[in-house]
Amino acid sequence: MTATATEPEMPLQDAPADLAIATKGLTKRLSGVAVVDGLDLAVPRGSVFGFLGPNGSGKTTTIRMLLGLIAPSAGEVRLLGQRLPSGGSAVLPDVGALVEGPAFYPWLSGRDNLARYDRVGRDSRRADRGARVDSALERVGLSAAAGKRYRAYSLGMRQRLGLAAALLRPRRLFVLDEPTNGMDPQGTREIRHLIRDLAAEGGTVFLSSHLLGEIEQVCTHAAIINLGRLLTQGPLHELQALGPVRLRVETDDVVGAAAVLQRLGLLDVAQRDGSVLAGLDGRVPEDVCRALVLDGIGVREFVQERPSLEDAFVSLTGEGFDVAR
Amino acid sequence: MWRAELGLLLRRVRIKALLGVLALVPIGVAVAVRVAGGGPDPGSGPRFLDQVSRNGVFAGLAALTVTVPFFLPLAVAVVAGDAVAGEANLGTLRYLLVRPYGRTRLLVAKGMAVIIFCLLAGLVVAVAGVLAGVALFPIGPVTTLSGTTLSLTAGIVRILGASLVVGASLLGLAAIGIFISTLTDAPVGAMAATAGVAVLSGVLDAVPPLHALHPWLLTHWWLSFGDLLRAPVLWTDILRNLGLQVVYIAVFASAAWARFSTKDVLA
Ligand SMILES: Nc1ncnc2c1ncn2[C@@H]1O[C@H](COP(=O)(O)OP(=O)(O)O)[C@@H](O)[C@H]1O
Ligand SMILES: [Mg+2]
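Chains as they are written, first to last, in our numbering: chain C, 1 to 325; chain H, 1001 to 1267.
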């Protein structure tokens, strides 16, 4: 079904060292339902990897397995080369994680909450704890609210504090489950910047989302899942090529242009406020443009629209991207 | 690492309030004796209460007697039941585990914090009782249950020792509470179930036909701390009590570990 994708056919012990996350046949059954079903993920080191699927498609369940919070019913996980859950104590200090939303102690301040998480690790260094906590808070824009109790934080502030916890130490991998949930557009933009920075510093970022458009702008790679199964994965541009290429023509003669496109056999020709839309369906855009002009249609704008991930999803499943289980 | 858990516990308003209530009970008892003008007749009422008006430090022992059946186990149930289920309920459990905390380490640290809370709870009751007694009644050398006399200092040391024995007798219940706490993500349920275990044990202990079972009941030897006030100290029941607690701890700590080390953390 998938035209693209770096699907690991080899057993995981031979998984290439350049994968930050590799899973093989990863499966989780909850109450008899395969919530995650035979997932083979290959997340290259250094990538910003979007893990996309509608609500209830199994993203968080997968992430829980990646981090050793739950045991797979079948299959296996490698995180930075280590088997999970057994290798968790070795590899998890290098992983910053946000799972199913932030969680903190309501009666502690933001700063004390971060210190609490930092303190309980074997690798905890007291000497620079205060400095690391403050710089993590600053990085997510929470310095001013650091002394406030978590109870009083807004949803967006809580999400930021969750990200700050992931930034407490230098990490090689970030696993971020819906990091922009509950954020306003400004916050979402800031998070996107942060993710780009993390990748620029050499880290791998694995982030899940049910909002395709939001992710598309930061990712180098993506995987799309639905109902616990992998639909496709690979470099972003390859995934986008799975969707239909669409054409948008702006003209003063919408009716005439639509007639020409129809005659040429383009798909789903539609008129919408001053422009005509159509599926290119493999036709060469130059030919279409020439035909329009030869027919005397004045073309103001002629755009070949890159298909979105959402288009890819729809063409893979035949459904919209809002199905829940 | 257990210091981090203890610190987290003692910073909670809820826990401070709990310890405050434990301190208020003995104060209330001492005040009641004072207002009633002397307390119960000698030999009647809760053990040691009849002595309070003659020697204030006995209020520490009377306070232990009064709080052991209900208030102390309730406080322990609240803290132990919350140990793991509370973190699961907040969602902080998943972040502690990916930190990574280590499941065994986390359980051990929680256990240590609960142990210290139990001992602290006993101490708070005894100290509050002694202080209230000293404030409201005359004090002097302590007459033991055997009729001999101890100096005031030696008497107070025995009373503090008794409070530690009381704290230690709560550890079996604490282990049960922590085990129940690993079974659920609902801390209130775990607390109620743990308190229920203590109540059930007390009820079974009061049913005569079950006398063969009695020596094995969690709560059966809880009042044995009074034997510290004999001359010489009568250790038999105190050691039976502590030995039984060790058995309960071994069983339920193992069960808690077996459960928690493989548990799917979905909260
Ligand atoms: N404890 C559970 N028992 C049974 N089903 C569950 C449990 N937790 C989650 N699920 C189901 O698993 C599916 C995937 O959930 P999740 O991984 O949270 O999806 P996503 O993060 O993609 O929204 C959902 O249909 C959800 O109802
Ligand atoms: Mg989710």
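These are calculated hints, taken from the structure and not from any lab test.
A hint or two may mislead.
As the list claims (entries may be wrong) - Covered, in the sense of this in silico footprint (three residues per stretch, anywhere, with C-beta under 8 Å from a C-beta of chain H), are these stretches of chain C:
id, segment
1, 44–56
2, 61–68
3, 119–125
4, 221–232
As the list claims (entries may be wrong) - Lysine to any residue pairs mimicking SDA-like chemistry, simulated, CA-CA at most 25 Å apart:
id, chain 1, residue 1, chain 2, residue 2
5, H, K1016, H, T1092
6, H, K1263, C, R189
7, C, K148, H, T1149
8, C, K148, H, K1263
9, C, K148, H, I1015
10, H, K1016, C, G32
11, H, K1263, H, L1090
12, C, K148, H, A1004
13, H, K1263, C, H193
The beta-carbon is built from N, C-alpha and C at its ideal position, and this holds for glycine as well.
We went through each hint and held it up to the structure:
no.	hint	result
1	44–56	violated (count 0)
2	61–68	holds (count 3)
3	119–125	holds (count 4)
4	221–232	violated (count 0)
5	K1016(H) to T1092(H)	21 Å, holds
6	K1263(H) to R189(C)	37 Å, violated
7	K148(C) to T1149(H)	56 Å, violated
8	K148(C) to K1263(H)	34 Å, violated
9	K148(C) to I1015(H)	21 Å, holds
10	K1016(H) to G32(C)	44 Å, violated
11	K1263(H) to L1090(H)	17 Å, holds
12	K148(C) to A1004(H)	21 Å, holds
13	K1263(H) to H193(C)	37 Å, violated
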